[in-house]
Each structure stands twice: as C-alpha cells, then as structure tokens.
Amino acid sequence: MTRTSLIRSATKRLDTLHSASYFAPTMTEALTSAGVPAEAHYLAQRSASLGTPSAELVVATFFNYAPAYVSTHVPAVWESLRPADITAARIAGVEAMSAQILASDAATASGMDRAGFDSLATKILERLRPVLDAQSLSGRPLFAAHVPALTGARAADPTLQSAVDLWAAITLLREHRGDAHIAALVTVGLSGLEAIVLDSATGRSFYPWSMRKTRGWSEEEWRETAEALQTRGLLTSSGDDAHLTDAGAALKEDAETRTDAAVASAWDVLTDDALSALADDAKVVVKLVLGSGVLPSKLFGHGSDAKS
Numbered sequence: 229m230t231r232t233s234l235i236r237s238a239t240k241r242l243d244t245l246h247s248a249s250y251f252a253p254t255m256t257e258a259l260t261s262a263g264v265p266a267e268a269h270y271l272a273q274r275s276a277s278l279g280t281p282s283a284e285l286v287v288a289t290f291f292n293y294a295p296a297y298v299s300t301h302v303p304a305v306w307e308s309l310r311p312a313d314i315t316a317a318r319i320a321g322v323e324a325m326s327a328q329i330l331a332s333d334a335a336t337a338s339g340m341d342r343a344g345f346d347s348l349a350t351k352i353l354e355r356l357r358p359v360l361d362a363q364s365l366s367g368r369p370l371f372a373a374h375v376p377a378l379t380g381a382r383a384a385d386p387t388l389q390s391a392v393d394l395w396a397a398i399t400l401l402r403e404h405r406g407d408a409h410i411a412a413l414v415t416v417g418l419s420g421l422e423a424i425v426l427d428s429a430t431g432r433s434f435y436p437w438s439m440r441k442t443r444g445w446s447e448e449e450w451r452e453t454a455e456a457l458q459t460r461g462l463l464t465s466s467g468d469d470a471h472l473t474d475a476g477a478a479l480k481e482d483a484e485t486r487t488d489a490a491v492a493s494a495w496d497v498l499t500d501d502a503l504s505a506l507a508d509d510a511k512v513v514v515k516l517v518l519g520s521g522v523l524p525s526k527l528f529g530h531g532s533d534a535k536s
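Quick note on this note's numbering: the sequence shown kicks off at 229 and runs consecutively.
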C-alpha cells in the first residue's frame, strides 16, 4: 500500500469516531440539555467554533448544506446560546459517548477496558500530534476555528480524558482534510449539492434519503441536480438508485487525489512504519465504534464501512 493509500485509510478509519459523535444519543442529550433545538444540533455544535457566524458563512464553510435549511437555524441559535456553552456541551456529549463505547459488548468482547483504551489512545496521539502540529492553517477556516475551540478540552471524568483528547485530535485532522477537500471539489467544478449526490451514488456514503434529510435539500432540488449530472455523463440515472459512470468515478477520484496532495506535507513527519502502525491501530477504533452501535448504520449505503 502506498503512503497516500495509508494516509487515506488511517484518516477514514479514525474519522469513524468523529462521525459517530454527531449521531450518538449522548450527544443529543447533551445538546438538548444545553438548550440547543434538536434541528440545529449539527449546525450549532460544528459552527460554534466560528464564534457567532452568519448563515452565509456556515453555508460557505460547510459547503453541502442547503442555504434555506441553514438560514432557518443560523444565526437564530446565537440569540439565546453562547458558542462556548455549545462547545462545552459537545465535549460532554463526546465524553458520555466514549463511556458508552467502552461499556459496550464490543469492548468487552475485545477485552478493551478503560486502561486498554487509554494505552491505545496514547499510541495514536503520539503519532497524530506531530501531524497536527505540521498542518497549515492557511485556507482552512474550519480547521483554524477548531484549533482554539478544542485545545485543552477537559473531561469531567479523568479516566476518559484520553478518549476526549483522541476525539479532539481526530476532529482537527478531519476538519483540515475537509477544508482541503472542499477546495478540491470547487476546483473540479462541483457544487456542494452535486458533490453529495455523486457521493451517495457510490453506495459507500449516506443513502440519498438520509443525505437530503441531514443536509436540508428537497427531493426536487436533489432530482434536478441528479438530472444535470446524468446529462453531464457522471450518473447512470437521476433516481436514488443511480450509480457513478466511469466519468463520474474519475471525477471523484480527481478530487480525492487533489485532496491527498493538499494534506500530504503534514504527514511527512511520520515514517512509513509509523504510518502503517497508525492505520492498524485505527482499525481497532473502527471496530469499537461500529460494534458499540453509536453510529446508526441504517443511514448509510450497503458499501459503507458503517455496515461492517
């Protein structure tokens, strides 16, 4: 496996923990207790790092969310809640999610107790921190915003501090690559909606219905975009059962290759052996998260890792 493939694999595997935090019942409970409206949970917890952003700024940085959906909740959410309080609730939700994962049957079956997870997290963090230190802030607004927001995040339970630290590091890794990926998608000529329609067609991401629901797009908007992509020769049809054509797959790979190039230099601090070891350790994280059930597999296509 090439270094580029290892970086992709390690990043994707680790991102499972970050992604799970958006869907975990513990996160829902934490944000609801803080007073965040249910429909605004995702938008509020992720955009709080930006301060009190306008709807336009959230649309720009999140890239694939419907403007009408965003403007329904932002900036209204900032009228009654402070971003710092939302971030604190987010950290509490992550801590509770981590406790749930470590108390799951999957953790028990693998012999993973808190001490074992602490050791695993420490190993991963030792390899990730030099990478994070090497990541450039330039041109990466969500990554830059999350650095001060998550630095020094504290768990109420000291035995879960390594879990919170791991989640924070993975989140910074994800936002850095995510910012680069948005730039790549813009460069290859895709809008946010076009990008997620193509992503759904791979069968390895959200189902079209769940993508529309979570990002606020109507069926009509989705269908019109799918029809345009079919006309461009990128989709086999305009229906929810559409697949990528060879041209569609090539365009997506072009965007991924550009993303790889944009993040590669930060990974130069790791040797091939260290990178390979990180990718292997990340497999354990995936098994724990998916086995715990905190990430709802029903939202994802049959080829998604969430179906594992």
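FYI, nobody ran anything at the bench for these hints, they're computed from the structure. Note that CB positions come from ideal geometry on N, CA and C, so glycine has one too. Where hints are given, some of them may not hold.
DSS-like, lysine-lysine: derived pairs with alpha carbons at most 27 Å apart [stated by the list, open to error]:
#1 K351 / K526
#2 K511 / K240
#3 K526 / K240
#4 K240 / K480
Pairwise CB distance ranges, derived in the manner of DEER restraints [unchecked claim]:
#5 D361 / R231: 15 to 23 Å
#6 D341 / A505: 20 to 28 Å
#7 E447 / D361: 42 to 50 Å
When you check the alpha-carbon spacing of K240 and K480, does it fall within 27 Å?
-> holds, 16 Å
Does K240 lie within 27 Å of K511 when you go C-alpha to C-alpha?
-> It holds: about 10 Å lies between the C-alpha atoms, which stays within 27 Å.
Has the given pair, K526 with K240, been kept, meaning a C-alpha gap of at most 27 Å?
-> holds, 19 Å
Between K351 and K526, is the straight-line Cα distance small enough, at 27 Å or below?
-> Roughly 32 Å between the alpha carbons, so the hint for K351 and K526 is violated.
Measuring from beta carbon to beta carbon, are E447 and D361 in 42 to 50 Å?
-> Taking Cβ atoms as reference, E447 and D361 lie about 45 Å apart, which means the hint holds.
Using the Cβ atoms, figure out if D361 sits within 15 to 23 Å of R231.
-> Distance hint for D361, R231 holds at roughly 19 Å.
Check the following: the C-beta atoms of D341 and A505 are separated by a distance inside 20 to 28 Å.
-> Holds - the Cβ-Cβ distance for D341 and A505, about 22 Å, lies within 20 to 28 Å.
Comparing the model with each numbered hint stated earlier shows that hint 1 is the single one that does not hold.
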